[in-house]
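Visitor: Sequence:
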Amino acid sequence: MLEQLRDASNSHDARRMASLFAEDYRSVQPLHPGRAFVGRAQVLRNWSSVFEGVPDFTSELVASASEGENEWGEWDWRGRHKDGSPFAMRGVIILVVRDGLIAEGRLYMEPVEEDDEDIDAAVQQLYKPPASPSP
Numbered sequence: 000m001l002e003q004l005r006d007a008s009n010s011h012d013a014r015r016m017a018s019l020f021a022e023d024y025r026s027v028q029p030l031h032p033g034r035a036f037v038g039r040a041q042v043l044r045n046w047s048s049v050f051e052g053v054p055d056f057t058s059e060l061v062a063s064a065s066e067g068e069n070e071w072g073e074w075d076w077r078g079r080h081k082d083g084s085p086f087a088m089r090g091v092i093i094l095v096v097r098d099g100l101i102a103e104g105r106l107y108m109e110p111v112e113e114d115d116e117d118i119d120a121a122v123q124q125l126y127k128p129p130a131s132p133s134p
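The opening position of the sequence shown corresponds to residue 0 in numbering that gives the first Met the number 0, with each subsequent residue numbered one higher.
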């Protein structure tokens, strides 16, 4: 299924993408709980927006694994927004496939931070104790 998903996304055909998902598909983004949704119709709306906003969207399946009805894929999504600015996201998507359709998805996709801080600065920022409130 991951290869079908890659091929459909690279075709820029939102209907083809949506056809891979069950009508009652359940999507969650554990890092962004408010983005959860149910239904193929939302998949169609989402991918229509992706292809409109990033006309040269490309999807690379970097690595994958499957066991039973679970498929794990590491993704690299790239392109340019309509205004020419770069678009890049990477992460992992975990699918549950039932009856030949994607029934559930857990997405861990995040924007790539090209000008990100080095590891020392990141560790300092992420793991420092919270600031003490002023008296």
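It cannot be assumed that every hint is accurate.
[As the list claims (entries may be wrong)] Straight-line distance between alpha carbons at most 20 Å, and here's what the computed SDA-like set of lysine to any residue pairs gives:
no.	residue 1	residue 2
1	81	30
2	81	57
3	81	111
4	127	116
5	81	9
6	81	127
7	127	117
8	127	115
9	81	45
10	81	115
11	81	58
12	81	117
13	81	55
14	81	52
15	81	50
16	81	48
17	127	49
18	81	116
19	81	13
20	81	54
21	81	49
22	81	47
23	81	110
In short, the hints are calculated from the structure, not lab data. None of the values given here were measured: they were computed from a predicted structure.
Visitor: Now tell me, hint by hint, if it's right for this structure.
Guide: Here's how the hints hold up against the structure:
| no. | hint | verdict |
| --- | --- | --- |
| 1 | 81 with 30 | 27 Å, violated |
| 2 | 81 with 57 | 14 Å, holds |
| 3 | 81 with 111 | 18 Å, holds |
| 4 | 127 with 116 | 15 Å, holds |
| 5 | 81 with 9 | 17 Å, holds |
| 6 | 81 with 127 | 39 Å, violated |
| 7 | 127 with 117 | 16 Å, holds |
| 8 | 127 with 115 | 18 Å, holds |
| 9 | 81 with 45 | 16 Å, holds |
| 10 | 81 with 115 | 24 Å, violated |
| 11 | 81 with 58 | 17 Å, holds |
| 12 | 81 with 117 | 30 Å, violated |
| 13 | 81 with 55 | 9 Å, holds |
| 14 | 81 with 52 | 6 Å, holds |
| 15 | 81 with 50 | 10 Å, holds |
| 16 | 81 with 48 | 12 Å, holds |
| 17 | 127 with 49 | 36 Å, violated |
| 18 | 81 with 116 | 27 Å, violated |
| 19 | 81 with 13 | 17 Å, holds |
| 20 | 81 with 54 | 7 Å, holds |
| 21 | 81 with 49 | 11 Å, holds |
| 22 | 81 with 47 | 14 Å, holds |
| 23 | 81 with 110 | 17 Å, holds |
The structure fails to meet hints 1, 6, 10, 12, 17 and 18 from the earlier list, while all remaining hints are met.
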